[in-house]
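Peer 1: Chains as they are written, first to last, in the working numbering: chain A, 1 to 1015; chain B, 1 to 325.
Treat the hints with care, as some may be off.
Pairs of lysine-lysine, DSS-like flavour, derived with a Cα cap of 30 Å [what the hints assert, rightly or not]: (1) A/K195 to A/K260; (2) B/K269 to A/K93; (3) A/K156 to B/K143; (4) A/K321 to A/K407; (5) A/K184 to B/K210; (6) B/K66 to A/K112; (7) B/K269 to A/K111.
The set of hints was computed from the structure by calculation and includes no laboratory data.
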Amino acid sequence: MSGYYRRSYPIPPTGPQRSNFWHESSGSDYNHKPYFNGGYKRYGRYGNFVDNDVSSRNHRNRREEVNDGSSSSYESPLLNHEEDTKRPIPRVKWDTEELKAKYHYFDVREKKLIHMEEMTNWNKDSKYPPNGYVLVQENNMGQPRPVFKQRVPQEKAVDPRVEQRQQQQQQQVIPPTYRKLRSKLALLPHIVYDKFSVGPPPPNEIVLSLLSNVATVQDISIKNYFKRYGEISHFEAFSDPNSALPLHIYLIRYGSYSGKLDDAARAAYMAFKDHEGRGCSILGTKFNCTLNKNNILEKTISRTVTDNLNRVRKITNDMKKMEKRQKEEEKKESQAYSERKIPLDLAKQINGRPVLVVSKSFALHHGLRVEDFKVKLRRYRWSRILDHSSGLYVVFNDLEHARNCQKVESGKMLITSRAKRAPVDVRFQLIAPTVDKQPTNDINGNHAALPKSSNQLPTYKTKEELISAATSYILKDLENALHVDIRKRIIGPAVFDTLNPASFPDLIAKKEVKEKERKEVVAKKAEELKKKQSTNNDFDIFSLYSGGVTQSNRNRLKRRGSEVIDILPSGRRKLFKGVKPMAHMLNDDSLSKEQTPVAPSTSSPFDESEDEEMTSSDATEYESGEDDNVEQKKMIKVETESTTPEIDHAEKPLFVSKKAEEIMRIPEPYRPSVGGLPKPIQPDDTIRPNLFIDDLQKTVTDMEDLFILKKVLGLDEPNQNDEKSEHDGTLEYRIWKLRSQAQNFRVDQENQLRLLGAPLDSLLLTGNGSFKAQGYRKIPEKLKSCYLPHRRKPHQPLNTVSYHSETKDGTPEVEREESENLEEPESVPQEISSSRDNRASNRRFQQDIEAQRAAIGTESELLSLNQLNKRKKPVTFARSTIHNWGLYALEPIAAKEMIIEYVGERIRQPVAEMREIRYLKSGIGSSYLFRIDENTVIDATKKGGIARFINHCCEPSCTAKIIKVGGMKRIVIYALRDIGANEELTYDYKFEREIDAEERLPCLCGAPSCKGFLN
Amino acid sequence: MDISKENLSKFRAVKSFRLPENEVLPITSLSFDDHGQYLLSASASDNMHLYDAVGCRFLNTIASKKYGCHAARFTHSQSECIYSSTMKSFDIRHLNLETNQYLRYFTGHGALVSDLQMSPLNDTFLSASYDESVRLWDMRASKAQAIVPSLVPSCIAYDPSGLVFALGNPQNYEIGLYNLKQLKNGPFLVIKVNPKFDKWNKLEFSNDGKYLLLGSSAGRQVILDAFDGTQLFELSGTKSFPLREFMDSGSACFTPDGRYTMGTDYEGKIAIWNHSESVSGKTLKPQGYIQAAPESCPRTIAFNPKYAMFVTADEMVDFYVGQDN
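If we strip away everything but chain A, and leave its shape as in the complex, we get (with noise of 0.2 Å):
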C-alpha cells in the first residue's frame, strides 16, 4: 500500500536483465513468498533467485543488509525523465518525539519506517508453512472443525468472476454485495451553514420588489407577512432618491433567536422558496420576491428608479399635451355654453336667480342624478336643483355664491360616475341672470303668482264687479255671525228653561224616592262600617285633656281644613250661581235643589241631615247652623235605634248635657269613649328596634305621649330647665346628628335593598365603623343568603304556579277509576286531556309499530322506539342555588305531569359498588347512582340523561317512580304540584337515614320545611 518502505534493491543497470525477470515472475513457478523451501531467496533481484544458504538469517538481519544505500537508490534513472511525476521536495513538518513513536510514522529524508527493527516477519519462528495456510472447515464425523491447510500457490485458480458473469447472463442475478454501483447520486439535503463552512454565508436576506401596479399595503403589514417565516431583524423600505416617494422595494434580512446563521438563511430561503415564480401578494398588493444574492437588491432599485425617471418623464410630456388638449377643449366648451339659454319651462321657477348648469348628456352619461349633486354642494348656499331635459340647473338665490360655487367646483368637483364607476369631474356653466331682465322678471312673476293662484275663482273685471263681490261676502258672514248669536242666546236659554226640573215636580218626586232609598242603603252600610270603627274610637279620657294640643292627626287636619274652606265655595256657589254653565244646569238635579236657598222645600229634612252626616267626609257642606241640629237628629236616632249603646256609644254618646256637647266638639279620635281599656289613638311603632330620633319625633304625636316620654326619661319642668340651659350649645349639633345618622341608616338600606332584593341581616351589621376593621369571623352559613344572591332564593318562597298540597291521596275517585285503564296509573291528570290524546296516539303508533314488528318476526332494535322520549318536557340544566347543577323546567308544567326519564347505564348491584367506589377515587363528587330495585341500579355518571342534575329537595317539586315500561323497570320524574316556567325541578332523593354524623349529608335545599340532612 504505501510506497515509502521500500526495499533497496539495486536498479537493475541493464535492460536485457530486467526483461529477464519479468520473463522470470511471469512464469508459472511465479511466486509472491520469499522464502522457499526454507532457503532465503533473494526475491527479483535482477530476475535471478539467489539461494541464499544462511537460511538461520533472520529477516531483519536481511532487511538490514537490503537497506545499505537505499536512499541512494529512491530516485531512479527509469523514472527521472518524467518530468511532472516528480515529487516536490519534502519538508519535515511532523518530527515530535511523540510522533516519531508510532509505527506508522514515515522518515521522509530517509524514506523508510522508522521502527522497522521492532517488526517481526510474520513466520520468524517458521512455525506456519512457508507459502501461508488457509484454514478450511472439514466435516470430521458430522461435525464442521477447522483445518490448516497448506497452500500451494503452484497451482493456479480460477477466476470466478467469469463464472459469475455467465450466472447473472443466465439467471438475471444480482451478486449479493454491500458494494453497489450506482449510476445515479442521491442528492444532500440543505447542509446547515456553521462555522466550518466553506464559502460566503447563504444569503439571510430576501428582496421585494412591486409587481402590481399600486401599492396599497403598509410597510408594517408587509413586515407581519414575512415574519412568519422567522425573526426579521432588519427592514428596510428604498425611497426614489429623485422624488423621495417610496420605491416600493424593501429588503428584509432575517436574524435568528439564537444567533446560528442558518436559521437565518433558511427563513430567507423559506421565504423565497414560497414565493418561487408566482410572487406575494400581501393585502392584495403582489411583489416579487428574491433571495438577496449578486447584489440583486441594488440593480433591483436602480432599475426602478430609471423606470421612474423614465415614466415621469412620460408623463410630463403627456401632461403638457393633456393641458393643451384642456385649453382647447374648454375654449370649445366656453363656446358651446356661451350660448347656453335657460330653457323657458325652468325660467319661471328659476326666476331669474343665478344657475349653474350641467349639460345632461354629461349627466346622462354618467348616470348622475340631482341627488349627487345635493351631497356634492351641500356647503354651498344654493337654493334648489332642478333636473331638466336639457340639464341639471343649481339654482342660487346669490349671484356671488354661484360665482363662488362655479369657482371653487366646476372641473374640480369629483362624482363616482355610475356607468364608469370612477370618479368623473363636473364642469359647472354658470348662468348669470342678465341685470336688465332682472326686475322685469320679478315683476311679472309676482304678478302672475296671484292670478295663477286664483285662477279657480271668477275673475272680476270692473271694480263695481269686486264691490258687489265684496259686499256679498260681507253680508254672508255677518249673516253667519247672525245664526251663532241666536243659537247662543235664544234658543239655548229657552230650551233649558223648558228643561228645568222645577216644572217636573212630579218626576222629581219619583227621583227623591228613589234616591232615598239609595241613600238608606248607604246610611245603612255606613253604620255597620262605624259600629266596626267604634272599637277604635272608644271613649279615651286622655283625649279630652289633649286633644286641644295636638294636631298632627291627619285626617282631622282635613276635616278642619274642609270646614273652614267650605264655608268659602257655598258662599261662592251662591255668588256665580246665575252664571252657571247651562250644560251643568242641565244635569242638575236634586243637589243643586238642596244648594239654593229655598230651604223648606226639602221633604225629610232628618235623612237628608243624617245622610250628610254620614257622607261627610265626601267634604259636603255644612250650613252653619246645623251643628246643633245634627245633634239634636243624632240623639234621636239613637233613641229611635240604639239598642246596644255598648257597641255604637262612640257614636251616639249617653251625654245629653252641655258637657257632651263639649265632648262632641273634640275630635273624633280623641273623644272619650266608654271602653274597658284605653287604647292607643295613633298606631305604636315604638317597637322597632333601632329607634332613631325622627321616629322618635314622630311618636310624639300629643302633649299625653309628650309627658308620658317625659316622666320616663325622668325630666321635670325646672330641670329640663336646667338641663337645657346647660346643652343648649350642643344639642343642636347633636341632634343634627342623630338625624344625619338615621339618614345614613336609611340611604344604607335602602342600597342594599336594592342591590340585594333583601336587608342585610342585623347580626351581620357592625356596631360601629366598617367590616374591615372587624378583622376575621366566621359567618354562620344562614346569614350568606343575605349577600350572596345565589344562596338566597331557595329561602324565598318557591316560584311555583301554585301548590297542591295533597297531590295524590287528593286524586279524585273517578280519576282513579279512569286512569286504573291506563299504562302509567299514577300519572295521568284528567286536566290535560291534550297530552293524553297525544299519548294515546303514540300507544296506538306503537301498537301498530309492535304489529308490524310481530309481522316481520324479527327483534330488531330499530323499531323499538321509547314512549316516554315523546312525553318528555322541556327541561335544561343550569347552575343551581342547591348543589352545582339543577334541572329546569323551560315551561310552565302542571302537577302530575310526566317530566323527564332518568336515563343511565343499568348496572347491577355489585357493579354499582365498584363503581361508586371508583367514582369517588378519580374525583366525581356528585353521585348519579339511581337504585331501581334490590339488584339493579341506574348509573347515570358516564352515559346518561340530563335528568341526572335534578336535586334534592325536603319539599320536591316531583317525584321519581319506577314503572315498567315494556317489562323494563324505568325512572321516570313526574310533577307533584304545578311548576312555574324557569323553577327548578327537585325531588325527594329518599336517601337511608345514616346514623353515623360524618356520612350525614347537608341538605342545602333551604325549603322552609328542610331536614337540614339528605341522609
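Got chain A sorted already, so can you dock chain B onto it with the hints?
Peer 2: Then chain B, alone, in the frame of chain A:
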C-alpha cells in the same frame, strides 16, 4: 443526480473541518460506510473522527490514544469499525462506535498493518502488513483464516463481487488476482505493471468491476482492465505530492458508477477524468477541476458510495457536495 462531467464539476466545497491548532495532524485514512451515511477518518493524532456525511457535520471523536489508529474502516454494521494499531501492538481492533467498546482484537501480525479492506460480500476482511503477509480474517474469530505471504509494501483491493481480491506490490510491478474461494492456490492472474509506473500505493476496483485503479500520490494514476490486466489509461495532469511523514493511501478514486476518476492535486484542486468514454491506451488529461476548499491541500480522496459528495483530507477534512443545477 446523474454522474456526468457537468455535474461533477459543479461539486463545491461546503465544509472544511480543521482540527484544533495543537492537534493538527494528517489524516491517514478515510472510510465511508456502505450506505454513505457516515465518514470515519483516522488521524495521526490517535483520534478517529466520525462525520455525518449526509449533513456534512462533525459528529464525534473516537480516541485510541494508547494504540493509535490507522486504516479505520466501517464494517457492514454502521456502528462498528475495524482499525489497525500504530503503537505498542500490531493488533487489529474491532470497535463499536456507539458504545465505544472493543468487540474483538485480531492478533497475529508481527508488523505494522498498513491496510485493511472489508469484503463487500460478507463479514470478512483482509489485512496487509509489513510482516510480509496478507491475512484473511473472519470478524467472528480473532485468528487469521488464511495467510498469504507477500512482499512489502503490499496493496490490497476487493473486487466489488467480493470473490476476488488483488494483491499488488509496487516494488516488483506485479499484481496478483486471487480467488478468495481458492486461496489455497496461487493467483489466477498476475498483472505486470509497466515499470515506468511505480510508486503507486493504492489499488481499487471500480464498482462495475471492470477497472482496476492504481492510485498514487505522485501525480499519475493508471487504470487497468480488471479482467485481463491490460493497461487502459494513464491519468495525468495533476501535480505530485511531496512525501509526508505518515502513510498515505493514494490520491485518486473512482466515482460510484466507475466511469469517472477523481484525483487530488498538490496545487489544491481536484481533477476529474472520464475514462469510460475514452479510447484506451492513452494518457488522459483531466476533464475538469474542482477548486479545493481554501487553505487546504487535499491528498486523500474518497467518494461517497451513495450521495453526491466526496471528501478529501490531509490536515483538514473537506466536504464537497454536488448540487443539482
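Peer 1: Given the hinted pair A/K321 and A/K407, is their Cα-Cα distance within 30 Å?
Peer 2: 24 Å, holds
Peer 1: Need the status of pair A/K184, B/K210: alpha-carbon distance at most 30 Å?
Peer 2: Between A/K184 and B/K210 the Cα gap is close to 18 Å, so the pair holds against 30 Å.
Peer 1: For the pair we were handed, B/K66 and A/K112, check the Cα-Cα distance against 30 Å.
Peer 2: 23 Å, holds
Peer 1: What's the verdict on A/K195 and A/K260, does the C-alpha distance respect the 30 Å limit or exceed it?
Peer 2: 10 Å, holds
Peer 1: For B/K269 and A/K93, compute the direct alpha-carbon distance and say whether it is at most 30 Å.
Peer 2: 22 Å, holds
Peer 1: For the pair we were handed, B/K269 and A/K111, check the Cα-Cα distance against 30 Å.
Peer 2: Holds: B/K269 and A/K111 sit about 26 Å apart, inside 30 Å.
Peer 1: Can the restraint linking A/K156 and B/K143 be considered satisfied, given a maximum Cα separation of 30 Å?
Peer 2: This hinted pair holds, its Cα atoms lying about 26 Å apart.
The earlier numbered hints are all upheld by this structure, with none contradicted.
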